[in-house]
Amino acid sequence: MKDIDKLQKRNRKLRGLTELAGSMGLAITGLIGLLFLGILIWQIAEPTFIEGERGEITAASESIPESNYRFKWDFPTVDENGKLYSDPVVVRFQWNDENGFHSHDVQINVIDTRQVKTDIYIDSNGVDQTEIEVGRKTNFNAYSSIRVPVSVEQISGPVPNADKTGYPSVNSFVITGDVHILLDDENEQVFQPMELIAWITLLILVIVLTWPIVATLKIIQKLKGRRTLIKLASYVLAGITFVVSDGMFVAAALGGICWIVSGVILYRIAEGIERLESLGRELSEPSRLKHSISDRDGVLMWSRMLLFTSALFIPLLIDIPFLTERYQDIFIPYASGIRAAFYGTIWVMLIAMFVSIPISVGAAIYLDEYAKPNRTTKLIQALVTNLAGVPSIVFGMFGLAIFVKQDGFGWGLGPSVLAAGLTMGVMAMPIIVLAGQEALRSVPRTLRESAYGIGCTKWEVTKDHVLPSAMPGMMTGTILAMSRIMGEAAPLVVIGATAMILFDPEPLAALNGGNVNFTVIPIQIYFWTAEPDHAWHSMAAAASIALICLLIAMNSIAIVLRQHFRKRLKS
Amino acid sequence: MSETIGGEVVPSSTRLLDVDGEIDLMIEDLDLWYGDKQALYGVSLPIARNSVTSLIGPSGCGKSTLLRMMNRMNDLIPICHYDGKISMGETEITAKDADLVKIRKGIGMVFQRPNPFPKSIYDNVGYGVKLHTKPTGEELDAIIEKSLKRAAIWDEVSDRMHDLGTSLSGGQQQRLCIARTIAVEPDIILMDEPCSALDPIATAAIEELILELKKDFTVVIVTHSMSQAARVSDYTGFMYLGRLVEFGETDKIFSDPELELTKRYVTGRFG
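From first to last, the protein sequence lines are chains A and B. Using the working numbering, read the first sequence as starting at 69 and increasing by one per residue. Using the working numbering, read the second sequence as starting at 1371 and increasing by one per residue.
Honestly, the hints are just simulated from the structure, not real lab data. C-beta: ideal position from N, C-alpha, C; glycine also. Check before you lean on any hint, since a few could be wrong.
So the derived list for chain B, only partly shown, Cβ under 7 Å to chain A, looks like this [stated by the list, open to error]: (1) 1471; (2) 1474; (3) 1475; (4) 1479; (5) 1498; (6) 1499; (7) 1503; (8) 1528; (9) 1529; (10) 1530; (11) 1532; (12) 1533.
Isolated chain A, as found in the complex:
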């Protein structure tokens, strides 16, 4: 007996240790992930420059307002006596605004006295200084009061050319470097009040739906019998919002959806009240209303998600020109954006989803529900499982052979968005099939039996009961596969995504003979990091953050949906 006790104790200890190790491991992984994210953000705020041993100009941007630059003259060249003999440094400021192109040179004379400095001010008239004196190892600033990014380039002066010493030459050190690259809250967008009203209406209705109170319900009660009118009104309002808006497209679209969802909520509440009244119940118990609104949980979930998303664009007026407005500028890093790459990513994802989801879900259903468990099925199953582990570059080769090239089996789509989407779709298929099968297998047998028990055909059981129950799992698998596709660069390098394009990619260019060139965010990041100019590196960091934000958004949607359906199935 005693031994057993001892054993159990040891066992418990072991299990405790395993548990601790497991959770510690998870925590450490999470921390490392956070650390990397932190490094990324830090990288964009403070780009790391390769420091020369000799004279060099470094630029940094510790919490400096937009478009302001800080310079530091470090380690000027000295002779044997310690005297400075450095040539003056000439720096060229350039920008493009409504008055056209500006280019101003400023000569910086380096003197021996520390802490002596003159700041440079830039406004729409130009630069206020043409020649300044700055002590060695002294920070000085260039302040800009214009709205557009200014590029700074060193024209002459003692930059270590590094041919002898091996230090790389730095010829440009532009930095605006804060989140302004990504986000723009300059209030340039004019918002129609319609959008804000739509958002507030939705907010109020969600609050009413979350905590029904008699007073608010009394108001809605008056609307009963006019349910068609409510629906119609919401469509009309959505249309008006969309038509009269001359602000951001995203905000207008979201405002319109807000109106429609508000209409749905009002409709459902009015319906619920009518149903209660037909049963002879009083409104004095608003908690009862909760139970008579059809699919209240679902409506609440979708409208909360919508409310949250549109909050960014409607009341907070966040615009992301980096994503949706700016193309890459060949010469000025901080005037660039990833518009082309962003739309390329969206198109590739949409085509991949369009191709892979129906086929994979169908395959999963066939393999799990319909196929007889014979040798062929087992073989297919094994092949699918193995395909999920195939490196992505191999899929790239497959795409190159089948979709891109003309000869042999090739479809001859060229290095186009369509070919990329199809390749990515093929890559996602095994993942979605496996996730779907897993989800289908986890549907309880009792659910199938009860459906068969009231006389469903096999297809009805699958369509009405098994699929909805397997939906959360399938959806999670699909969204995870899509996230993987979004971050994948290797297959597209093989297919031939371009380093830089200055127009929106055309999804069907391969079919109607348009310009097939396209690029996606990961490819853009890859090519930017390969640029010698450091400023592009922080742009790559900015693009990475944009990509990570997109992934986080997609995964959050996956989590919310999964929780919603799981609650529904388990409660």
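Dock chain B against chain A, hints included.
What follows is chain B alone, placed relative to chain A:
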């Protein structure tokens, strides 16, 4: 004819037994195998219309299998195959080309664990109705109300029809499942230990309901509780090791069974 299995003398095949009144479902010489293992041996059983027939017997004796055979639910198990004949009036249920949808509409089933669909209460009951007939909105409302009332659950759910069926308590869920079954107007309702997952109060409610349902439907119930069989059923079949050992009116089975084995089982001395 009789043989000795596991030290007990059991008849090798059941005789066809007469019941009063019309026969709704007739099972004749049914053998059933799961792979190589035989689960039913030459079972014959008549089910009388508008009566409650209960099947009792120790665990693993094949009573659930027999019940699930009556609406071909065993077809869902790939390794299951059978020989014999079950007929319901003119329809032969065991026919290869039998219309399973029609059969299962006519022979509804209530399962051991309450298993409402993860849909609203309204949709739970309405789903089957919409499947088989195409009712208008008002007709559907009426059918749903009627079914819920017949299943004695209307008062509890009438003001929360759009809550999830899975949010009800166990006993309510089981009555909802019964409402779902009777909404499609079957002739026979099969119940596979409907009360085994319920507490005594919910069990009493279901038993009362079964007696009520008898007026309109034919009920076949598998139960582990001898007292339940005695309370609700008109006919009782005792099964042992895949054979229907004895079948007769419930009073007779419980008070004066023909076989020693049955007597020992119903008095609780084995099983």
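message: Hint validation: residue 1530(B) versus chain A, beta carbon distance must be below 7 Å. Holds or violated?
response: Since chain A brings a Cβ to about 3 Å from residue 1530(B), closer than 7 Å, the hint holds.
field: Interface restraint verdict for residue 1479(B) against chain A (beta-carbon cut-off 7 Å)
entry: Where the cut-off is 7 Å and the nearest Cβ of chain A is about 4 Å from residue 1479(B), the hint holds.
field: residue 1529(B) as an interface hint toward chain A, with CB separation required under 7 Å
entry: Where the cut-off is 7 Å and the nearest Cβ of chain A is about 6 Å from residue 1529(B), the hint holds.
- prompt: How about residue 1475(B): closest beta carbon in chain A under 7 Å, or not?
  reply: Hint on residue 1475(B): holds, closest Cβ of chain A at ~4 Å, below 7 Å.
message: Hint validation: residue 1474(B) versus chain A, beta carbon distance must be below 7 Å. Holds or violated?
response: This hint holds: residue 1474(B) lies near chain A, its Cβ roughly 4 Å from the closest one there, short of 7 Å.
field: Interface hint outcome for residue 1471(B) [beta carbon to chain A under 7 Å]
entry: 5 Å, holds
- request: Classify the hint on residue 1498(B) as holds or violated, based on whether any CB of chain A lies nearer than 7 Å to its CB.
  value: This hint holds: residue 1498(B) lies near chain A, its Cβ roughly 4 Å from the closest one there, short of 7 Å.
query: Does the nearest C-beta of chain A fall within a distance shorter than 7 Å of the C-beta of residue 1533(B)?
result: 5 Å, holds
task: Would you settle whether the hint for residue 1503(B) is holds or violated, based on the nearest Cβ-Cβ distance to chain A being less than 7 Å?
output: 11 Å, violated
query: Minimum Cβ distance from residue 1532(B) to chain A below 7 Å?
result: For residue 1532(B), the interface hint holds, since the closest Cβ of chain A sits about 5 Å away, which is under 7 Å.
- request: With chain A as the partner, please determine if residue 1499(B) meets the hint condition of a C-beta pair closer than 7 Å.
  value: Where the cut-off is 7 Å and the nearest Cβ of chain A is about 9 Å from residue 1499(B), the hint is violated.
task: Under 7 Å, Cβ to Cβ, is where residue 1528(B) needs to be relative to chain A, so tell me if that hint holds or is violated.
output: Because about 6 Å separates residue 1528(B) from the closest Cβ in chain A, which is inside the 7 Å limit, the hint holds.
Consistency with the previously given hints fails for numbers 6, 7, ordered from lowest to highest.
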